[in-house]
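Peer 1: Listed below, chain by chain, are the residues.
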Amino acid sequence: MLEEVTDVPTPPDAATEPAPVPAHPDPAAEFPVLVQEDLLVEDVSIDGMCGVY
Amino acid sequence: MPATVLPTPAAPAAPVAGEPAFDLDGAWGLHPQVALRPEAFGALAYHFGTRRLSFLKSPALHALVDSLADHATARAACAAAGVPTAELPSYQRALATLVASDMIVAREPA
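Residue numbers (numbering that gives the first Met the number 0), protein chains in the order written: chain V, 0 to 52; chain H, 0 to 109.
If you're looking for bench data, these hints aren't it; they were derived computationally from the structure.
Wrong hints could be hidden among the right ones.
Unchecked claim - Straight-line Cα separation of at most 25 Å, DMTMM-like style, residue types lysine to aspartate or glutamate; simulated pairs:
1) Lys56(H) to Asp42(V)
2) Lys56(H) to Asp101(H)
3) Lys56(H) to Asp69(H)
4) Lys56(H) to Glu41(V)
5) Lys56(H) to Asp46(V)
6) Lys56(H) to Glu38(H)
To be verified - Quick look at which bits of chain H chain V covers, simulated, 3 or more residues with Cβ under 8 Å:
7) 52-66
8) 95-103
Given the structure is predicted, the values throughout are model-derived calculations rather than measurements.
Heads up, the beta-carbon is just placed ideally off N, CA and C, and yes, glycines get one too.
Given the sequences, and given the hints that come with them, work out the whole structure.
Peer 2: And the structure:
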């Protein structure tokens, strides 16, 4: 004997669907200041490197 | 007659929140204990007192830092070094970084 299936799954609600994430977000758009600063000056301390060379 | 598009004035060099401001209209110069060495990417600045190195990663920034003492203001030095007005805020932040590491210091106006 066949059993009738009445509980049909409903399609997902579009309102609760997560927004699509862009595959390649632009890093410069997220960190413009950091990128610009990094382009111009970078500080290094050589303290503690006396035995290296 | 076609409409003329006028260039918009450059935005003032506003400091970024959380960063030290740099007075472009002040007189600045290289710290007496700092040596600059030209490099292909710009220059290396070495402070003999603090034993710190700073990479100046732009030839224009090298020219600017090297000539700070020759100009009444940092703004004049920027103009002489060919820093585009649009890039002035970036260079202002770079100079603030160099002040924080004691590579450049304020001097008495001439």
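Peer 1: Now, for every hint given, state plainly whether the structure supports it.
Peer 2: Taking the hints in turn, this is what the structure says about them:
1. Between Lys56(H) and Asp42(V) the alpha-carbon distance is near 11 Å, which keeps this suggested pair within the 25 Å criterion.
2. Restraint check: the Cα-Cα separation between Lys56(H) and Asp101(H) comes to about 18 Å, which is no more than 25 Å; the hinted pair holds.
3. Only pairs whose Cα atoms come within 25 Å are accepted, and Lys56(H) paired with Asp69(H) is accepted, the gap being roughly 21 Å.
4. Between Lys56(H) and Glu41(V), the direct Cα distance comes to roughly 8 Å. Compliance with the 25 Å bound is thereby established for this hinted pair.
5. Between Lys56(H) and Asp46(V), the direct Cα distance comes to roughly 22 Å. Compliance with the 25 Å bound is thereby established for this hinted pair.
6. The straight-line distance between the Cα atoms of Lys56(H) and Glu38(H) is roughly 9 Å, inside the 25 Å bound, and the hint therefore holds.
7. For the region 52-66 of chain H, the assignment as covered by chain V holds, since 7 residues bring a beta-carbon within under 8 Å of that chain's beta-carbons and 3 suffice.
8. Judged by the Cβ-Cβ criterion of 8 Å, the region 95-103 of chain H is covered by chain V as claimed, because 3 of its residues qualify and three suffice.
Consistency with the previously given hints is maintained throughout, with no hint failing.
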